[in-house]
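There are 4 protein chains.
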Amino acid sequence: MAQHKFVNTPPEVSPMPMKPEMTEIWEPEVKIVTAAKISGNAPSDAMILFDGKNLDQWVSKKDTNKPAAWKIVPGDYMEVVPGSGDIQTKMVFGDCQLHLEWSTPDEVVDGGQARGNSGVFFQNRYELQILDSYNNRTYRNGQAGSIYKDHAPLVNAVKSPLEWNVYDVIYTAPRFKADGRIDAPARITVFLNGVLIQNNATINGLTLYTGLHNYPSSHGDDVISLQDHGTKNQFRNIWIRKL
Amino acid sequence: MAQHKFVNTPPEVSPMPMKPEMTEIWEPEVKIVTAAKISGNAPSDAMILFDGKNLDQWVSKKDTNKPAAWKIVPGDYMEVVPGSGDIQTKMVFGDCQLHLEWSTPDEVVDGGQARGNSGVFFQNRYELQILDSYNNRTYRNGQAGSIYKDHAPLVNAVKSPLEWNVYDVIYTAPRFKADGRIDAPARITVFLNGVLIQNNATINGLTLYTGLHNYPSSHGDDVISLQDHGTKNQFRNIWIRKL
Amino acid sequence: MAQHKFVNTPPEVSPMPMKPEMTEIWEPEVKIVTAAKISGNAPSDAMILFDGKNLDQWVSKKDTNKPAAWKIVPGDYMEVVPGSGDIQTKMVFGDCQLHLEWSTPDEVVDGGQARGNSGVFFQNRYELQILDSYNNRTYRNGQAGSIYKDHAPLVNAVKSPLEWNVYDVIYTAPRFKADGRIDAPARITVFLNGVLIQNNATINGLTLYTGLHNYPSSHGDDVISLQDHGTKNQFRNIWIRKL
Amino acid sequence: MAQHKFVNTPPEVSPMPMKPEMTEIWEPEVKIVTAAKISGNAPSDAMILFDGKNLDQWVSKKDTNKPAAWKIVPGDYMEVVPGSGDIQTKMVFGDCQLHLEWSTPDEVVDGGQARGNSGVFFQNRYELQILDSYNNRTYRNGQAGSIYKDHAPLVNAVKSPLEWNVYDVIYTAPRFKADGRIDAPARITVFLNGVLIQNNATINGLTLYTGLHNYPSSHGDDVISLQDHGTKNQFRNIWIRKL
Numbered sequence: 046m047a048q049h050k051f052v053n054t055p056p057e058v059s060p061m062p063m064k065p066e067m068t069e070i071w072e073p074e075v076k077i078v079t080a081a082k083i084s085g086n087a088p089s090d091a092m093i094l095f096d097g098k099n100l101d102q103w104v105s106k107k108d109t110n111k112p113a114a115w116k117i118v119p120g121d122y123m124e125v126v127p128g129s130g131d132i133q134t135k136m137v138f139g140d141c142q143l144h145l146e147w148s149t150p151d152e153v154v155d156g157g158q159a160r161g162n163s164g165v166f167f168q169n170r171y172e173l174q175i176l177d178s179y180n181n182r183t184y185r186n187g188q189a190g191s192i193y194k195d196h197a198p199l200v201n202a203v204k205s206p207l208e209w210n211v212y213d214v215i216y217t218a219p220r221f222k223a224d225g226r227i228d229a230p231a232r233i234t235v236f237l238n239g240v241l242i243q244n245n246a247t248i249n250g251l252t253l254y255t256g257l258h259n260y261p262s263s264h265g266d267d268v269i270s271l272q273d274h275g276t277k278n279q280f281r282n283i284w285i286r287k288l
Numbered sequence: 046m047a048q049h050k051f052v053n054t055p056p057e058v059s060p061m062p063m064k065p066e067m068t069e070i071w072e073p074e075v076k077i078v079t080a081a082k083i084s085g086n087a088p089s090d091a092m093i094l095f096d097g098k099n100l101d102q103w104v105s106k107k108d109t110n111k112p113a114a115w116k117i118v119p120g121d122y123m124e125v126v127p128g129s130g131d132i133q134t135k136m137v138f139g140d141c142q143l144h145l146e147w148s149t150p151d152e153v154v155d156g157g158q159a160r161g162n163s164g165v166f167f168q169n170r171y172e173l174q175i176l177d178s179y180n181n182r183t184y185r186n187g188q189a190g191s192i193y194k195d196h197a198p199l200v201n202a203v204k205s206p207l208e209w210n211v212y213d214v215i216y217t218a219p220r221f222k223a224d225g226r227i228d229a230p231a232r233i234t235v236f237l238n239g240v241l242i243q244n245n246a247t248i249n250g251l252t253l254y255t256g257l258h259n260y261p262s263s264h265g266d267d268v269i270s271l272q273d274h275g276t277k278n279q280f281r282n283i284w285i286r287k288l
Numbered sequence: 046m047a048q049h050k051f052v053n054t055p056p057e058v059s060p061m062p063m064k065p066e067m068t069e070i071w072e073p074e075v076k077i078v079t080a081a082k083i084s085g086n087a088p089s090d091a092m093i094l095f096d097g098k099n100l101d102q103w104v105s106k107k108d109t110n111k112p113a114a115w116k117i118v119p120g121d122y123m124e125v126v127p128g129s130g131d132i133q134t135k136m137v138f139g140d141c142q143l144h145l146e147w148s149t150p151d152e153v154v155d156g157g158q159a160r161g162n163s164g165v166f167f168q169n170r171y172e173l174q175i176l177d178s179y180n181n182r183t184y185r186n187g188q189a190g191s192i193y194k195d196h197a198p199l200v201n202a203v204k205s206p207l208e209w210n211v212y213d214v215i216y217t218a219p220r221f222k223a224d225g226r227i228d229a230p231a232r233i234t235v236f237l238n239g240v241l242i243q244n245n246a247t248i249n250g251l252t253l254y255t256g257l258h259n260y261p262s263s264h265g266d267d268v269i270s271l272q273d274h275g276t277k278n279q280f281r282n283i284w285i286r287k288l
Numbered sequence: 046m047a048q049h050k051f052v053n054t055p056p057e058v059s060p061m062p063m064k065p066e067m068t069e070i071w072e073p074e075v076k077i078v079t080a081a082k083i084s085g086n087a088p089s090d091a092m093i094l095f096d097g098k099n100l101d102q103w104v105s106k107k108d109t110n111k112p113a114a115w116k117i118v119p120g121d122y123m124e125v126v127p128g129s130g131d132i133q134t135k136m137v138f139g140d141c142q143l144h145l146e147w148s149t150p151d152e153v154v155d156g157g158q159a160r161g162n163s164g165v166f167f168q169n170r171y172e173l174q175i176l177d178s179y180n181n182r183t184y185r186n187g188q189a190g191s192i193y194k195d196h197a198p199l200v201n202a203v204k205s206p207l208e209w210n211v212y213d214v215i216y217t218a219p220r221f222k223a224d225g226r227i228d229a230p231a232r233i234t235v236f237l238n239g240v241l242i243q244n245n246a247t248i249n250g251l252t253l254y255t256g257l258h259n260y261p262s263s264h265g266d267d268v269i270s271l272q273d274h275g276t277k278n279q280f281r282n283i284w285i286r287k288l
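Protein chains in written order, with our numbering: chain A, 46 to 288; chain B, 46 to 288; chain C, 46 to 288; chain D, 46 to 288.
Where hints are given, some of them may not hold.
The list treats identical chains as one, so a pair stands whether inside a single copy or across any two.
[Unchecked claim] The calculated lysine-lysine pairs, modelled on DSBU-like cross-linking and capped at a C-alpha distance of 30 Å, are:
| # | residue 1 | residue 2 |
| --- | --- | --- |
| 1 | K98 | K82 |
| 2 | K287 | K222 |
| 3 | K82 | K135 |
| 4 | K76 | K204 |
| 5 | K106 | K222 |
| 6 | K111 | K82 |
| 7 | K204 | K287 |
| 8 | K277 | K64 |
| 9 | K222 | K135 |
| 10 | K222 | K98 |
| 11 | K82 | K107 |
| 12 | K64 | K106 |
| 13 | K106 | K82 |
| 14 | K106 | K76 |
| 15 | K277 | K76 |
| 16 | K64 | K98 |
| 17 | K64 | K107 |
| 18 | K107 | K76 |
| 19 | K98 | K111 |
| 20 | K82 | K204 |
| 21 | K116 | K82 |
| 22 | K98 | K204 |
I should point out that these hints are in silico values taken from the structure, not numbers from a laboratory.
Chain A extracted, bound-state conformation:
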């Protein structure tokens, strides 16, 4: 679409100069969110998934009609009860910012994948690995901070089992076409204890233990689940913002 004009020699100045106000966008006003007074705490628009009081936001993954059977140390943290199974949120999520603190068992037993293993599954499918990777070598794409068997973390910034670790995650869900084919893969950015360990990494599909990773056919928002992998991992201060 263009105006009728009969000039075909370039103007002396191109493009014609603007005024500063022509690139000022005022509407819509940006929404206010009140940040927490204390670093790491939930801002005003976050949904609290766990604040040390109860597991009201969680159910058992095996039987979603049953409560989450993990242990609570009131006012402090929850702990995996080995054998009780994974737990998952009641609510479903797609794109989100997630804050989650975790710790591995103080008593160090076993090694490799058997030491302090758990995981956070976005949309119940894509695992951000939790492991005691402090002085515990394993395959790089399976250590703490890896997208399991997909992307190793950029660095290993995990703390000792006596300390708490902090995940700050930006998760972008995969997009699917109307016919179910994958349209854009999921992506993830992760800070572990304030250190960038995944930088908008592409997630190449289901984070399977065996075989090539591919996307299933279309799925929508889904729960976040935490893994019972047989070790007494601990979690606290979990909050989420929908993006």
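For chain A, the structure is supplied; the task is to place chains B, C and D on it using the hints.
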């Protein structure tokens, strides 16, 4: 998720070697499409939008209950009837491969944007410019092959007004979030007469004549329209494949 | 950076309206390329890699001091001499538009990967598969038009062994960081006989026969090579444009 | 490249099943970084740009042979000396993770862009805006957390002038082709006080006060600069990690 094992020294060979068949994917079988015998003609899965016979696939944009009022030279081409208005397809499209041949008026009058101006609008909104850009300087982001006032073509491969030009286009529609915000901008790849002129270029919004380009709120598949800009441009051999 | 002003109420119209000329970009002028008169032929800025006359632009891959040992049918095509080995261009390329026509042996023998197998290697590393995939099932990520063992083609648009096939390719080389790590993977768009079969697909690394595909450490522009896989495939009309 | 075989019927299971160890990558071992004991403090591989002691890592932008002329409140923060000019790092950076704390003047004077205005310029060119946006409306693409006149922040999470704000930034520098043309635009992710405000946003060019934003021709790593915009903004705890 990971197997219990108690090794934390790296294996001698990592990863464990595969067999070739482990990376052979057989299913689903790739669908067969029969290519045209003659280069530029429609393959078996294309929808024919214009083959020189009639304007049955088109209507008037001003009044979509009325037929497209452009002239037909039967068995050959259609021609803009200046003043009759834009025309648009009856069917709607999103992602697509489009083949379209066009020519500008043999009699060269005026210059700049006034010479042989028309355009193809994807989803009735995003314009791939048509112009007689043969020996006719104008602004680079407004010449033939530009995404109007967004991306100039990589090169000027336009033919003279006495010849036909060919557009082969891969158009990827913008994606929107459920709340209407833009999620991924549209992209476009264009060959003009077999020469690459747009290489997966990002379309930054509505291709407006005046002001900054931005995306409107969410829209779905929409018609392809051709512009009546007051000059007797011609079109032939138009076909499309949904992607 | 921003002007001092003391207003903090929004203006009535935002942003301030522009004039159309403010979004017209005139410089630099877009370079002219003369398209071929005949569809499929080389435009004015292309480098001719093979026009039926000789193999002057090619050498043996095994010994780059030796000429390419494939057969020429003068004025028409070149043909793989099985056992003579791969051939490669003398010049190196990165991002490019490649046009190449190929045909598989008229006499159909064997099946699967043994029938009319060859390939085009971009930067001597990333293979676009050539195969007689006409009535010849094989694994989808190994048939004609696949990025070998990486991406299956969107559709199978291959012609019979008695006909010529045409590849029109846009190849974007991988980018590496200064320290050798991969920064952006290679991407490829392919038309086979005018039908889109790869749509800006990501190439996930070396197109290996066995095992996971990954990127090697940094490499620069490199030759294009054609594969001798033991069958008498034919090639003609090969030209390339640096992008 | 593919093995000779004569089967062209699909196998019963495709692809052939793997063992879990085939997708375990052990080498190279992921580098260890020791995270700070206190949230927000520098990890072991960070470079400290300012820790309250001195301005040794900074110089005047106007005359890079002169020291940075801003005021230090020892052991605490630095403060803009209005009229002394911008300051910049001695070292140059490209891709990086930056942590920076800032505060606007306690005494609130003026409004809009005149209240507590400063900015962080990545590669001395691309501005992340600093402004007292607490109860101070201005254009959305010019408020605190905006990429100046390019991207408004997702939300307004700024604190009052009596508090400190924290920026945690992942900056990806623009890539240029060998001939100087832009190859991939810069991108930026920003958390303000722990709240995501820029999500891998594309930076569309120089963040100019007037006119359209475009990329200059090629440039390499460059300094980070802080703006003197005439108000007594304060900065503390600045550290950076090269990515």
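Taking the hints in turn, this is what the structure says about them:
no. : hint        : verdict
1   : K98 - K82   : both (20 Å within a copy, 26 Å between copies)
2   : K287 - K222 : both (22 Å within a copy, 13 Å between copies)
3   : K82 - K135  : within (28 Å within a copy, 34 Å between copies)
4   : K76 - K204  : between (36 Å within a copy, 14 Å between copies)
5   : K106 - K222 : both (28 Å within a copy, 29 Å between copies)
6   : K111 - K82  : neither (36 Å within a copy, 38 Å between copies)
7   : K204 - K287 : both (28 Å within a copy, 21 Å between copies)
8   : K277 - K64  : between (62 Å within a copy, 28 Å between copies)
9   : K222 - K135 : both (27 Å within a copy, 23 Å between copies)
10  : K222 - K98  : neither (41 Å within a copy, 35 Å between copies)
11  : K82 - K107  : neither (38 Å within a copy, 37 Å between copies)
12  : K64 - K106  : between (59 Å within a copy, 27 Å between copies)
13  : K106 - K82  : neither (34 Å within a copy, 35 Å between copies)
14  : K106 - K76  : neither (35 Å within a copy, 35 Å between copies)
15  : K277 - K76  : between (41 Å within a copy, 27 Å between copies)
16  : K64 - K98   : neither (56 Å within a copy, 42 Å between copies)
17  : K64 - K107  : between (62 Å within a copy, 26 Å between copies)
18  : K107 - K76  : neither (39 Å within a copy, 37 Å between copies)
19  : K98 - K111  : within (18 Å within a copy, 56 Å between copies)
20  : K82 - K204  : both (25 Å within a copy, 9 Å between copies)
21  : K116 - K82  : both (29 Å within a copy, 27 Å between copies)
22  : K98 - K204  : both (25 Å within a copy, 28 Å between copies)
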